[in-house]
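Student: Since the structure of chain A is already known, use the hints to place chain B on it.
So the protein sequences, as listed, match chains A and B. Counting with this note's numbering, you get residues 94 to 477 for the letters of the first sequence. Counting with this note's numbering, you get residues 94 to 477 for the letters of the second sequence.
Don't read these hints as lab results, they were simulated from the structure.
It does not matter which identical chain is used: a pair holds within one copy or between any two.
Calculated cross-link-like contacts (lysine to any residue; reagent style SDA-like; alpha-carbon spacing at most 20 Å): (1) K152 / V192; (2) K243 / S224; (3) K388 / N416; (4) K169 / D194; (5) K243 / L223.
Everything numeric in this text was worked out from a predicted model, so none of it was measured.
Protein chains: 2
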Amino acid sequence: MRLPSPLPLLLSLLLLMATFAVAQQKREQSQPPPLAPFVSPEVHPDNTVAFRLRAPNAKEVQLVLEGAAEPQPMRKDDQDIWNVTTHPLPPDYYGYSFVSDGVHLIDPSNSQLTPNLLNTSSALHVPGPLSLPWELNDVPHGEIHHHFYKSAIAQDDRDYYVYTPPNYDPTAKQTYPVLYLLHGYSDDASGWTAVGHANVILDNLIAQHKAKPMIVVMPLGYGTMEFVRNNWDPWSHAQLRDQNFKLFTKALLTEVIPQVENEYRIAKDRNARAITGLSMGGSESLLTGLNNLDKFSWVGSFSSGGIPVEFEKDFPSLDAKANSQLHLLWIACGTEDPRIGVSRDLRQWLATMGVKHADIETPGMHTWMVWRRNLAEFATLLFR
Amino acid sequence: MRLPSPLPLLLSLLLLMATFAVAQQKREQSQPPPLAPFVSPEVHPDNTVAFRLRAPNAKEVQLVLEGAAEPQPMRKDDQDIWNVTTHPLPPDYYGYSFVSDGVHLIDPSNSQLTPNLLNTSSALHVPGPLSLPWELNDVPHGEIHHHFYKSAIAQDDRDYYVYTPPNYDPTAKQTYPVLYLLHGYSDDASGWTAVGHANVILDNLIAQHKAKPMIVVMPLGYGTMEFVRNNWDPWSHAQLRDQNFKLFTKALLTEVIPQVENEYRIAKDRNARAITGLSMGGSESLLTGLNNLDKFSWVGSFSSGGIPVEFEKDFPSLDAKANSQLHLLWIACGTEDPRIGVSRDLRQWLATMGVKHADIETPGMHTWMVWRRNLAEFATLLFR
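Isolated chain A, as found in the complex:
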């Protein structure tokens, strides 16, 4: 077979380009065309994702994507739409926002949000195989219960969420073990369900018999709401930070736990009570759990970093005797998280003290991608 001559093809191409140039010129001379609708974010079959923002007069727009080390510059097209297409993204949920001339914006084209008290962002789902722990499967689903109460400890009106597993029957005699699951700094009490998809993860693990059916309680993680304010750094105020942690523990132990144990069929037994959390919530889990071993026997921490590093002051009575009380002490951190140093220091200190624990280092930064995987692993180990 003879190959066709390239000449006619080249001529056709030139003609096409000339026609396009004339059409383009004509359009520029006439009225601006009506604003074309566009989609953002757009997940392509190869898992690259296009992000788009209309911002006619912005000088610089960037994409800030959870898990990406640097903001990604966007380019403006002739429709005043700023664009960037990512490299192929691993299937996951991602938070993202646009920075338009220095101002963080959610994506106006996307109704899916990542709620947060300081930095609302947009949510992107890059779907993956149903075997991923956070993908919605055709399995029985648990329920999420939203509770409201007036806290005498924190002196405010606050809320907490409770996950009950599939087929939970409040009238049955059976009791369930319970996991207290704590969010991070700037999240609200909805973080683990709205962003962490903890209910989906538990539904899947329970359906696969990888996790025991359990109740998961997700309280508001602040001892005082003064601690979560924009435009300043409460973490540098030692007194406020300590007060926040102390009041949080007190509200959990004396308000939330009695309420949920009264309402739900929860086993009132330290052997059936676990606590873990992410970032600030990881610190709270360690402080609350390890200082109350009469109440908790399963303790985890995901990417915690907020504890002062004088561990002997934080855990004054912790020593090797804890090994007979703790069924699990699971300390995890992403290797690219700046908190990895503190995590290693803590684990080193625990080793020095003779306290048995699991050293968990996984790839990743300070992101929900790490924490969803942490939960999917930690939950399988509980109540065995």
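Tutor: For chain B alone, coordinates are given in the frame of chain A:
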């Protein structure tokens, strides 16, 4: 007493202006000052509200405030912050957004949001007296339960919310009447709690013995999610619109109602079953309720407008015989809502047909301010 000569005053003023001009010029020549933090929205003691958005290169920014007839222009200050201060606003919750060079944006300084499938906006609370139905009072609170299921009718994974009143006990013998409460077009199933504060309204009414303790079920209001898409008008597609309404009714009657009646202590009795909703949900309440009088005896509609106006086709078997079955048919609309005409036409047609109903016209537009008040009124009339 002699009046002071105006000359020294004028000279002082001129000197001040010159000093200011020099200072201004000096600043413009030097490095830009660090970005000052600012608050938005800021509710002042007189209930005027300042809104602020940093947008250095925008040419035009407006405030779109729920309940305001027109967008309000904002002005840029020397910090590149666009400002507007409203006239005093009546205490309420308001949705709002900024339009920056034609693009709708939420307020990046405000974590409070009004979720919506097509138009996410920011939420403003102008606090008022505790006697307002939606203000959080120190009364017992009900709970909100979030359910997930696979719909065979809609062929998708969907959710619904259930409010249980304070002191609801799933193990008790007592049963409760139930209100099916439907959201509007572009809302999701969380609309009536996240934006409508239905749980707070019910908590308050029940504490004041103005409403009977009841269970409130808030389903997803679409028969097909094809119906809720951006950038086109599904309402003009008669076939899709009819399919949406039919499938919604079918999913409610054959999926949601059996599920909630199975799980909750709900009286399975048409005399204890009410249905109402706002806008599209008002139409759905009328179509579902009035065409299924064997199941519903309390029917409401807030600002509905989506029904085709050939009422005899929508309600083929409705006539004066319904009066013996209906305890309440409550049809409400704001007088400044463009749907007031259709609402009056419907009520006129009902009168012609001899169907008794309440004619409710209240001040207001097509806004949640109207619908929260509608619910607070309607709920007091139920199950008496």
